[in-house]
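Sequences listed follow chains A and B, in order. Under this note's numbering, think of the first position of the first sequence as 1, with each following residue one higher. Under this note's numbering, think of the first position of the second sequence as 662, with each following residue one higher.
If you are wondering where the hints come from, they were derived from the structure by calculation, not from laboratory data. C-beta: ideal position from N, C-alpha, C; glycine also. Fair warning: there could be bad hints in the mix.
Here are the computed distance ranges between Cβ atoms for each label pair [stated by the list, open to error]:
(1) A:Lys458 with B:Glu696: 29 to 35 angstroms
(2) B:Gly902 with A:Ser440: 57 to 63 angstroms
(3) A:Ser376 with B:Tyr857: 21 to 27 angstroms
(4) A:Ala480 with B:Tyr857: 23 to 29 angstroms
(5) B:Thr901 with A:Val449: 50 to 56 angstroms
Calculated cross-link-like contacts (lysine-lysine; reagent style PhoX-like; alpha-carbon spacing at most 25 angstroms) [to be verified]:
(6) A:Lys234 with A:Lys334
(7) A:Lys482 with B:Lys872
(8) A:Lys569 with A:Lys80
(9) A:Lys184 with A:Lys80
(10) A:Lys463 with B:Lys731
(11) A:Lys382 with B:Lys731
(12) B:Lys879 with A:Lys463
(13) B:Lys872 with A:Lys382
(14) B:Lys731 with B:Lys803
(15) A:Lys463 with A:Lys382
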Amino acid sequence: MQKIGVFVCWCGSNIAATVDVEAVAQASLSEPGVVFSTNYQYMCSEGGQSAIRNAIAEHGLTGIVVCACSPRMHEATFRKTAAVAGLNPYMVEIANIREQCSWIHRDKEEGTKKAIILARAAVAKLNRNVPLIAGESQVIKRALVIGGGIAGIQTALDVADAGYEVDIVEKTPTIGGKMAMLDKTFPTLDCAACILTPKMVDASAHEKISLFTYSEVESVSGFVGNFTVNIRKKARGVNSDLCTGCGVCIEKCPSKKAKSEFNQGLCNRSAIYIPFAQAIPNVPVIDRESCIKFQTGKCGVCEKVCTAKAIDYAQEDEIITRQYGAIVLATGFKPISLESYDEFQYNQCPDVITSLEFERICNAAGPTKGKVLRPSDHEPPKTVVFVQCVGSRATVECGKTYCSKICCMYTAKHAMLLREKYPDTEVYVFYIDVRTPGKSFDEFYRRAVEEYGVHYIKGMVGKVAEEDGRLIVQGSDLIADKQVIIEADMVVLAAAIEPDPTARSLGTMFTASMDTNDFFTEAHPKLRPVESPTAGIYLSGLCQGPKDIPDTVAQAGAAASKVIGLLSKDKLVGNPCVAACNEPLCNGCSTCELVCPYGAITYEEHLVVDHGVRETRRVSCVNEAICQGCGACTVTCPSGAMDLKGFTNLQIMAEVDAICR
Amino acid sequence: MKFSYYPGCTLKTRAAELDVAARQAAEALGVIMEELPEWQCCGAVYPIARDELATRLSAVRALDGAKRLKNPLLTLCSACHHVIKRVNNDMQTDDDMRAKVNSYMDLDDPYSGETKVVHYLEMLRDEIGFDKIRERVTQPMKGRRISAYYGCMLLRPSTVMRFDNPENPSILEDFIAALGAEPIRYPYRNECCGGYISIEARDVAREMSRKIMNSAVKRGADTIITACPVCLYNLNENGTGEVPVVYFTELLAESLGVKEPEGGLVHAR
């Protein structure tokens, strides 16, 4: 017989306002096995935890029920408390009377009744609990970072500096990401390339870092500390070991009609190309879609001019298999497509551009060599209108409901840079709100208004119309309460940002959960912001939510510290709540093997004793290191042979019985 | 192909050309337009602007009439189409309104938005197909440069009307191209003409209508077509008068060779 203690938490007024905690504690005393009960203001605080420890010692408790918040929140806390007092941590049950009771009910009487039932169910389950011992597994001391932008680079550098090996997998031909495309960075206006390219060089030169550019993650197996990842190294058509990066092939390539991705399609590039001069590695890639050799079989100019004999048309994709202890997702973002925003004429007028296109136009290495010129006629614009929140904070279907966070600041930057370079240019900014929380951010915005004379108009643009080569911008000025019409030469749209589209498939592959906007969700929005709920998967940068460069670098460092913490361990304690097969009941049907999402189940020939008969049968076997305890096999097993430790059929049924009593 | 047809008041009076030409063209295209018996005024756009049920009932009666005849309901006037389509949407999605309307009307079979509302242009595009119309054209409008003027009623609110892209529509341009003319696009083709403000503040309507007409003329349009009697009124009365503004059905009947040469149909200018 168990000796059970029940501890009811008030959670301040979170629970106590809707649930009579004293009544719950009293009612549980009449449940079988319960020898002690109490309530306390904050059970998770040191005072609450010590009350639990004391009660365990004083009453010789064999198990405890904590009626409090969701187990996702503090189950681990109370298991630790129990362990300190000498209890097996799996002799702890949580009755969730906050999220599933007090927060969703108003009536105190009803709330109390429900809390009593939830406590009763937890006691009924605990009466059937048995101590569980967790197994241990090895930690492979190497990390994988997916994405080679500033987030991935920073995480990799920090992990590598701590002495662990790191691989960066980047899908494009170079590391650097979106930051490499930027001209200046707010709020200090230092040149993006000047602060980023040294980091790119550091990453490529670091003895602990291996770069896999033009590569993508193909598949993954394993679990925290022991991931096995297949990386597809896409065929560059150029042998990286032989290439000297001289650039003759690029110069001589006769196919120069592909749009430059790096320059946002504002100019063309050759079929064999490096994205930009400081690309790392400085090894070209053949874009097979626009390569004459690949399309028609004729040409071969690059092969002829390459003195290093590095061109290799026959090169094929290569699959590399590597093992990792930790994986960091740093997949970044992209601006949304403006296809659904015809009111701005983005698809119709070349002089309506996105902010990222404007970055390239401002950049000395960009398509206009840093001169701000209209794409249509290469004339300098005299009036420029910036429109913020294009697709952000949207209430219509095609937009994003969230604030993209970076646009207010980069628009202020663009406006200021424009006025600085071309003082004769009139600059207007349409905004819903100007949001500049951040160190030296609001001062930066005020400079744009006060020192640089940028006209900020609170309101949105309803229509952009091209008339006689000019853009008629029709908007509302909400403060003056009137319609404004501005004749502009260029319109710059601050497009909302969204997660890179590759994030979704990676999320599925790594079972890293995502929100409705495809941003990766963190294990806890406040307390575990750089960890995915899936053990061993970490989040760095914009893939977790909109953020600027300072925030991205900070988060990248935080993710690195979590990775370092994991890799510094030699062994990991596993989760003992895993599936187990009751072999005499197993009929060897393979149903469980088919539903297991982790590949944890195999079939083996075992000697089984069934009703005194000894025979060799084909039965299900669970690899406890791989099993994540999801329970899919237990519910699918037709003969009831599969059971989940800590959540056995017997325990669940006892809970149901207690609730229905 | 058979439809219950809802002409609306204006098409019986000031906008008779829109109606007559539509019927002539439909006959030539093998479309049966059966005028809905005992139809009533749709209420113009006023019912939509108010939170009131009584003014929406005539639209429901038209919708229910088509339902009882087991026909889709064909509309032509932009304003009628707008009102009927939006009321139908309310009947489909607004439980409260559906309950109140049905308890008031006391129909044998309650109405809950079953009727499909089709605008004449949608019928041309989706039921017949512009490529088929191109084949039926006997007098192609070669050399003509025609601008389409959409106005607001057909396009917005786009989530309910589901007529075309409200910011960059193309159905009328595709229609013009099917008749063999060159469609002239211009940015103000989906801007408001001023609507009924012409009665109260003619200057405002004049400014709005001229902006539209100027934009089309500057791009070389020789004619402007529209589907809306109010738009036609505003562009003709308050525009610059540089190019004729006619109903799209007139052009259709003409290119199908079925328009009466001198049928006594004079624009109500």
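Of all the hints numbered above, which does this structure not satisfy? Sort the numbers upward. Of the numbered hints given earlier, those the structure breaks are 1, 3, 5, 9, 10, 11 and 14, listed in rising order.
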